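In case you want the letters, here they are:
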Amino acid sequence: MDIISIIFILAGTFFFATATLGLLRFPDFYTRMHATGKGDTLGAFLSLIGLALYNLHDGMSFDALLVSIKIMFIAIFMFVANPTATHAITKAGLDCKVEPWTKKESSQ
Amino acid sequence: MINRFEDVIIQTICRLLVPPIQLFALYVIAHGHYSPGGGFQGGCILAASFILLVIAYDLKEASKRMSEKINIMYCCIGVIIYSGIGLLCVILGSNYLDYGILNSIIPVEPAAARSLGILGVEIGVGIAVMAVMVSIFINIASGGEHGESEELE
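Protein chains in written order, with the numbering used here: chain Z, 1 to 108; chain U, 1001 to 1153.
Since the hints were derived computationally from the structure, they do not count as laboratory data.
Relax, there's no trap hidden among the hints.
Subject to a maximum C-alpha distance of 16 Å in a straight line, what follows is the list of computed EDC-like cross-link-like pairs (lysine to aspartate or glutamate): (1) Lys1060(U) <-> Glu1006(U); (2) Lys1069(U) <-> Glu1145(U); (3) Lys91(Z) <-> Asp1007(U); (4) Lys91(Z) <-> Glu1006(U).
Values in this document were obtained by computation on a predicted structure and should not be read as measured data.
Okay, chain Z solo, but in the shape it has when bound (with noise of 0.2 Å):
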């Protein structure tokens, strides 16, 4: 069980990490909310799922039980809003008119 929760936290890390890359390295508004949207994601829902399973690792008591299903109840309920607020941060920023990158644009 520790084993597999091991590698559920580091993929989630590693999906943390790249959406951190992606963050920083690139060029516009939107390509970054492309990143950190997908990226954060997955990361926080594969982190969570390790936790909850490392939460077992005692065994299988029901109070353990319980507070893994709360936080499965969380992972849940980011995948679900997550995209959500990244779909709607990116719409406000169309509606603002914020132009995308263009590769025109970065040669000049």
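Knowing the structure of chain Z, use the given hints to seat chain U on it.
Chain U in isolation, oriented as in the chain Z frame:
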């Protein structure tokens, strides 16, 4: 003036998310007296679910679900529950909010009466905080017009 912001994805997800958020708020209120949480936190979460509706739809649409009048009534009801339980203790011959005396009218032992008294006060605080938070939000969002003005959408 920002254009009216309507979006199918956001509205659908907010409509789906509001009931779980309110359920979680009730959980926080109900567990306030023996775990982290309580009336203030649960009330704020309840208010947040309503504010989410206002953000996803608009002020008029949300005002149909909870008008300003009902909102003020909730505020008063919360304060009445809180102070009523407090004064009930005084009437029964103890200090203000000293719940132990409540076992003379509820058929339980003093410790359980104390727990139930705290739960009742938490419910009152939760209702009052929810109503006041929503009222503050509506007043700020509409500039004091309570969503009745035409230009504010």
